[in-house]
Amino acid sequence: MHLLCVGLNHRTAPVETREQLSIDESQLPVALANLRTRAQTSESVILSTCNRTEVYACCTSADGGRAISEWLGSYCNLASELYAPYLYFMHDHEVAAHLFRVASGIDSMVTGEDQILAQVKTAYAIARKAQSTGSVLNYLFHHAISVGKRVRTETAIGRGAFSVGSAAARLAESIFDDLGECTVMVIGAGKMAELTVSNLLSAGANSVLVVNRSRSRAAELAGKYGAQPLGFEDLEAFLPSADIVIASTGARKPIIEREVLRRAVSTRRGRPMFIIDIAVPRNVDPSAAHLDGIFLYNIDDLQTVVEKDKAARRAEIERAEAIINEEVQRFLKRYRAMDAVPIISAMRDKFEAIRQAEVSKLKRRVPDLTAEQLEAIEAMTRSLVSKICHDPTIRIKDYLASGEPPVGIDLLCELFGICLDAQNNQEEGNKF
Amino acid sequence: MLPTILWLVAGICYTAAAVLFLWGAGSSSEKTRAARTVAATGLVAHAALITAAGVELGRAPFTNLRESLLFVGWAVIALFLASRGTRRPAVLGAAAALICLAAITFASLAPRSTNQLLMPALRSRWSTVHVVTSLGGYAGFTLAFASGLLHCVHDSLLKNKRVGRWQRALPSLDTLDRFAYRMVGLGFPLFTVGIVTGSMWAQSAWGSYWSWDPKETWSLVTWLVYAAYLHVRVFQGRRGKLANRLLVMGFICTLITFIGVSLFAGGLHSHSW
Numbered sequence: 001m002h003l004l005c006v007g008l009n010h011r012t013a014p015v016e017t018r019e020q021l022s023i024d025e026s027q028l029p030v031a032l033a034n035l036r037t038r039a040q041t042s043e044s045v046i047l048s049t050c051n052r053t054e055v056y057a058c059c060t061s062a063d064g065g066r067a068i069s070e071w072l073g074s075y076c077n078l079a080s081e082l083y084a085p086y087l088y089f090m091h092d093h094e095v096a097a098h099l100f101r102v103a104s105g106i107d108s109m110v111t112g113e114d115q116i117l118a119q120v121k122t123a124y125a126i127a128r129k130a131q132s133t134g135s136v137l138n139y140l141f142h143h144a145i146s147v148g149k150r151v152r153t154e155t156a157i158g159r160g161a162f163s164v165g166s167a168a169a170r171l172a173e174s175i176f177d178d179l180g181e182c183t184v185m186v187i188g189a190g191k192m193a194e195l196t197v198s199n200l201l202s203a204g205a206n207s208v209l210v211v212n213r214s215r216s217r218a219a220e221l222a223g224k225y226g227a228q229p230l231g232f233e234d235l236e237a238f239l240p241s242a243d244i245v246i247a248s249t250g251a252r253k254p255i256i257e258r259e260v261l262r263r264a265v266s267t268r269r270g271r272p273m274f275i276i277d278i279a280v281p282r283n284v285d286p287s288a289a290h291l292d293g294i295f296l297y298n299i300d301d302l303q304t305v306v307e308k309d310k311a312a313r314r315a316e317i318e319r320a321e322a323i324i325n326e327e328v329q330r331f332l333k334r335y336r337a338m339d340a341v342p343i344i345s346a347m348r349d350k351f352e353a354i355r356q357a358e359v360s361k362l363k364r365r366v367p368d369l370t371a372e373q374l375e376a377i378e379a380m381t382r383s384l385v386s387k388i389c390h391d392p393t394i395r396i397k398d399y400l401a402s403g404e405p406p407v408g409i410d411l412l413c414e415l416f417g418i419c420l421d422a423q424n425n426q427e428e429g430n431k432f
Numbered sequence: 001m002l003p004t005i006l007w008l009v010a011g012i013c014y015t016a017a018a019v020l021f022l023w024g025a026g027s028s029s030e031k032t033r034a035a036r037t038v039a040a041t042g043l044v045a046h047a048a049l050i051t052a053a054g055v056e057l058g059r060a061p062f063t064n065l066r067e068s069l070l071f072v073g074w075a076v077i078a079l080f081l082a083s084r085g086t087r088r089p090a091v092l093g094a095a096a097a098l099i100c101l102a103a104i105t106f107a108s109l110a111p112r113s114t115n116q117l118l119m120p121a122l123r124s125r126w127s128t129v130h131v132v133t134s135l136g137g138y139a140g141f142t143l144a145f146a147s148g149l150l151h152c153v154h155d156s157l158l159k160n161k162r163v164g165r166w167q168r169a170l171p172s173l174d175t176l177d178r179f180a181y182r183m184v185g186l187g188f189p190l191f192t193v194g195i196v197t198g199s200m201w202a203q204s205a206w207g208s209y210w211s212w213d214p215k216e217t218w219s220l221v222t223w224l225v226y227a228a229y230l231h232v233r234v235f236q237g238r239r240g241k242l243a244n245r246l247l248v249m250g251f252i253c254t255l256i257t258f259i260g261v262s263l264f265a266g267g268l269h270s271h272s273w
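For the record, the sequence lines run as chains A and B. Residue numbers 1 to 432, in our numbering, belong to the letters of the first sequence in order. Residue numbers 1 to 273, in our numbering, belong to the letters of the second sequence in order.
No lab work stands behind these hints, which were simulated from the structure alone. Note that beta-carbon positions come from the ideal geometry of N, C-alpha and C, so glycine has one too. One or more hints might be untrue.
Unchecked claim - Pairs of lysine to aspartate or glutamate residues, derived as EDC-like cross-links and limited to a Cα-Cα distance of at most 16 Å, are as follows:
1. B/K241 x A/D292
2. A/K397 x A/D410
3. B/K159 x A/D300
4. B/K31 x A/E220
5. B/K159 x A/D292
6. B/K161 x A/D300
7. A/K129 x A/E25
8. B/K159 x A/E173
9. A/K333 x A/E94
10. B/K159 x A/D301
11. A/K121 x A/E25
12. B/K161 x A/E173
13. B/K161 x A/D301
14. A/K363 x A/E375
15. B/K161 x A/D292
16. A/K387 x A/D349
17. A/K191 x A/E154
18. B/K161 x A/E307
19. A/K224 x A/E194
20. A/K149 x A/D349
21. A/K149 x B/E30
Said to hold, decoys possible - Ranges of calculated distance between the beta carbons of each label pair, as one might list FRET restraints:
22. A/S241 x B/V55: 57 to 63 Å
23. A/R263 x B/V153: 24 to 30 Å
24. A/S241 x B/R112: 56 to 62 Å
25. A/S198 x B/V221: 48 to 54 Å
26. A/E113 x B/L81: 32 to 38 Å
27. B/T37 x A/F416: 54 to 60 Å
28. B/A102 x A/E259: 33 to 39 Å
29. B/R112 x A/D178: 33 to 39 Å
30. B/R87 x A/L78: 48 to 54 Å
31. B/R165 x A/E259: 34 to 40 Å
32. B/T37 x A/E414: 55 to 61 Å
33. A/T267 x B/T128: 43 to 49 Å
34. A/K253 x B/T37: 44 to 50 Å
35. B/R87 x A/E259: 31 to 37 Å
Said to hold, decoys possible - Which chain B residues stay away from chain A? Per the calculated CB distances, all over 10 Å, these:
36. W7
37. G11
38. A110
39. W126
40. V129
Next up, chain B with everything else stripped away, as it sits in the complex (with noise of 0.2 Å):
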């Protein structure tokens, strides 16, 4: 029953931060200040909801697709909350906003887990860590995929000369620039942190760091595609289509490391997501 309840609570309040954001996009900023403070509410009933699932399972709950997704989206919009100093926020918060209830309603439909607790020789301290870094990882090359796309929007908009209220609303090319650079300025240390305590457990699990199955080889290209978007941003300077590209590039392969391995690979990742 409190389960749903706070489901149901995350769910409104992520919807009508959307929709404030949206309203106000352009326009007004006292409707961001009150989507950013409905935002943070369902944050909060979205992690209380996240701690219920753990006290019931007796673990920590991030197993299962249906847990995973559940805190790639709690994350999400951590994330967006978290970066402030961003003008013209309103659009990214609906982007967030929207991600995050995406997230929310795929976790409601997948399957609930048979609480089957990991087996012995899979229980380690590395394993939470593990997992929650990874899954911010996640959650910060998401919203730099989202602020990229944006940017590809904006872009074409304005080379079109299709501006007017809808553009105006839009953040400028710079803010949507930095905006997906902080998002994996912040998403990269946690998906390194990930693999680095992901072969730790496994060292300790299975008594190698790497075994090159599946899982292991497609974070390895996501951490090197992002690597690349950091070294042509950073040291290049270089901005615009070429870093866009890398950040397209880098979302499919995200999608892939999380989802898709799991769904067609197997491997020894295959237990979890």
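Pulled out of the complex, with its shape left as it was, chain A reads as follows (with noise of 0.2 Å):
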């Protein structure tokens, strides 16, 4: 048996390939069901992106990869040069491996993104129910699962900030305790306000004021939010009752002065005020920082906590590799084993089969044997089968677990005469 991942990513793959190629949730049942019969994979799951689609399987013949390959290519209606080059084929540990980092965020576009592992349980939980999974890929997707938990518990992988929006929604959590009963106010319009004001959001904040020079833009934005839309002339008035400040306009000199954040601050009573000023130039006259209770970043200073988490995050991206080679040696020993159910059992049923044979021609010689010397018979013999096979089966499960090529499991089967594929076992079971 053979465990193969097929697929590509936002690494290899521009997005105009990955769009076509991408599968949709409630497409992918009868994708799985078309793969199985297409590539005659014996279990299967798809896992598609907006970054990536993989496709895992386990398939008996060597080249199922390359059938894999074909599949997607007629399922997607692609040719296959508009994809082929990008596809990577990965085989047994090496599929482990991947689908551990993938379950860790390590291969995502943003490392250590938490959106990726619930990715992986839907596909899994899809493929689960479309009954395309079986022993291997359950064990797989279950232990990839927990890699990505103990991943992002024992290391600091998922933590930081991403961007300067999400730089400042974290420093917001360190002076308030409930982003909820913050006030927000977007100060001018632009692409990091917007992004900013979202981080801010998604965190929990949900009441914005927008103040802008002209009173339609401000309207305009507000609408967005579900915000309050204020002009200039309400800026001094309306400061006060802000707890987060965004402050993103054009304007060449400070709009707000020191003196106006000062009584800003005496009229909250030392609640303080978080300023994010991302103008350049800088929106907020600087000296303001040193006013109790206002904490002043500036678009630099955000970057900055940006660039320190990107430096930790490396560090534990490094963290992150030694769990997974450790998962990954762990999931080996148990797949390897895997390996040996069928051997063994197919083992088990040839001797059991001569047993029996062995048996009835003993009772068609000796007719008047009576039945506690049968039932004698019987228990040798059976005990006989399995001290027999006691060793071997031992053997087998440590020599795959050890991960040597497996010679000395192929000498066994030449030697025995077993053979591997159930239906030629029993037709082999019925000569004796």
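Now that you have both chains on their own, put them together as the hints suggest.
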């Protein structure tokens, strides 16, 4: 049996190709059934997100990878030269290592993000429901999901800020207990300001004030967040009610003076105020940073936070890789021992068939055996077979778990005429 | 023998709790939960220790420095564990465990009392209530001070833009402010009851409610500082620097009232702590 992974991701393929090969969640059961008949897979899971499309499968034939890749093209109606160069093929332990890295978020575009673990879970759940998974992929995906969790709890890979916006949101959480109780004021417009607001909103903030030089522009922006639009003339009056201020206007001179902030702070009676000045040139008088209860961060400060987190994350990736290596070894031990199951049962079936054949021969030759004698013969022959099988059973397991090439097992099968194909086995057994 | 074992169990539990709290700070809520459980186990052993001491002495074991510190340490952990609903409580938990460890360590170094029973004049039903509530008040004030201190540290880290892993492990400024407020909110009424029952006791023992001895005077000063804190915090809705300064002042007064007076001044309370 071969464990395979065929796929492409954001590193190997451009977005146009990924788009064409992506399979919608609702289509997955159909796709899995189609894959099973067309590519002769015994087990399969399809993981399709905006950054990757991957097929995890178990095949009996050695070139199952080619069959899967052909299926992918035909299922998505794509000529092979358009996607084949971007594909990667993985086998056995590479598959485990890859899936563990994917589940841990190391293979993601944004290292350590959480979404991928949920996507892996969903992909597996769908495949399981479609009854396209078996003992190997069940074990592989269960293991991968627990590795994903372990990496996230034992390393700080998913922690820290990924962008200026998330750095701002995290800082806000260091100051305020509940962003849901905070009022966010956005002065001016711009991509960066919008991103920061959306980060704060997803962190729980819900009350937004939008200030703009033109009231109509303010109203337009305010519509987006269900916010209250304000003009510049309202700024000073509303400033004290704002807990988080995002300034990003194109003004050439500071629009919020130290004195204005000092008054706002004293109105707020020591309740802190977090000011994010992402405008260049700066919108807030930098000397206001010294006021009590004011936390003033400009774009460079936030950028520094992001860079520091990135550096910290690189160290965490190394720790995560170590965990993954360890887990791959654990997986391989079990996975290889799974290979042992059919060999061992084939061997036992063979010896059991010989035993039964010999016992019935004996019964024919010596018809006047008492029931007690027959029972004794049964017990004796059974124990003989199980004693003979005992050592090879243990050796096969150890042998496979050690990861050595299975020459010894091939030899065993050859010498005893054990055939791993279940059908043949049946026939062989019938001969005796 | 039994007290030694209980003492060790409590000490080991608090040490383990502090380590777990710090280890899980900022990342693992499981470790924080485990730390709470370990601390609670320590609390039970600690309570058994106090009870055993009481049984052995045949009186409420809150008279000398050793016994008082032992109880304050217990109350610190009890108050921390009782205050639920704090976000990212790990660092505060570690602080509580360390404070308690310090208290029981000092208690173990303090001289063991030659078990003198109280003078007949001082035996009163007010005595136990007076001591327990006063000591409970001290415990609340100590935790409030620790929270205020962490507030100062976190505030200055954020102001100087020294943000990162350790800074993120700290509770938010809001949380620290609220925790301090809640601790004073618990400690102040206890302390007030302590003063009132103390004066009842004084009336029944010495025939006077208030005699301006150093302990009484300082406890009044302490009471006034925390009353000021609550006034500022509740009626003016102010927080931040002023509230924190009052917390520091209050804690200094608490230390003087609790330990300083008995060490240096004497007076009517000189027999006890």
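Hints, verified against the model:
no.: 1; hint: B/K241 x A/D292; in the structure: holds, 8 Å
no.: 2; hint: A/K397 x A/D410; in the structure: holds, 14 Å
no.: 3; hint: B/K159 x A/D300; in the structure: holds, 15 Å
no.: 4; hint: B/K31 x A/E220; in the structure: violated, 47 Å
no.: 5; hint: B/K159 x A/D292; in the structure: holds, 9 Å
no.: 6; hint: B/K161 x A/D300; in the structure: holds, 11 Å
no.: 7; hint: A/K129 x A/E25; in the structure: holds, 13 Å
no.: 8; hint: B/K159 x A/E173; in the structure: holds, 15 Å
no.: 9; hint: A/K333 x A/E94; in the structure: holds, 14 Å
no.: 10; hint: B/K159 x A/D301; in the structure: holds, 11 Å
no.: 11; hint: A/K121 x A/E25; in the structure: holds, 12 Å
no.: 12; hint: B/K161 x A/E173; in the structure: holds, 15 Å
no.: 13; hint: B/K161 x A/D301; in the structure: holds, 7 Å
no.: 14; hint: A/K363 x A/E375; in the structure: holds, 12 Å
no.: 15; hint: B/K161 x A/D292; in the structure: holds, 15 Å
no.: 16; hint: A/K387 x A/D349; in the structure: holds, 14 Å
no.: 17; hint: A/K191 x A/E154; in the structure: violated, 35 Å
no.: 18; hint: B/K161 x A/E307; in the structure: holds, 13 Å
no.: 19; hint: A/K224 x A/E194; in the structure: holds, 10 Å
no.: 20; hint: A/K149 x A/D349; in the structure: violated, 41 Å
no.: 21; hint: A/K149 x B/E30; in the structure: holds, 13 Å
no.: 22; hint: A/S241 x B/V55: 57 to 63 Å; in the structure: holds, 59 Å
no.: 23; hint: A/R263 x B/V153: 24 to 30 Å; in the structure: holds, 28 Å
no.: 24; hint: A/S241 x B/R112: 56 to 62 Å; in the structure: holds, 59 Å
no.: 25; hint: A/S198 x B/V221: 48 to 54 Å; in the structure: holds, 52 Å
no.: 26; hint: A/E113 x B/L81: 32 to 38 Å; in the structure: holds, 36 Å
no.: 27; hint: B/T37 x A/F416: 54 to 60 Å; in the structure: holds, 57 Å
no.: 28; hint: B/A102 x A/E259: 33 to 39 Å; in the structure: violated, 46 Å
no.: 29; hint: B/R112 x A/D178: 33 to 39 Å; in the structure: violated, 49 Å
no.: 30; hint: B/R87 x A/L78: 48 to 54 Å; in the structure: holds, 50 Å
no.: 31; hint: B/R165 x A/E259: 34 to 40 Å; in the structure: holds, 36 Å
no.: 32; hint: B/T37 x A/E414: 55 to 61 Å; in the structure: holds, 59 Å
no.: 33; hint: A/T267 x B/T128: 43 to 49 Å; in the structure: holds, 48 Å
no.: 34; hint: A/K253 x B/T37: 44 to 50 Å; in the structure: violated, 57 Å
no.: 35; hint: B/R87 x A/E259: 31 to 37 Å; in the structure: holds, 34 Å
no.: 36; hint: W7; in the structure: holds, 34 Å
no.: 37; hint: G11; in the structure: holds, 29 Å
no.: 38; hint: A110; in the structure: holds, 39 Å
no.: 39; hint: W126; in the structure: holds, 39 Å
no.: 40; hint: V129; in the structure: holds, 35 Å
In this structure, the hints that do not hold are numbers 4, 17, 20, 28, 29 and 34, in rising order.
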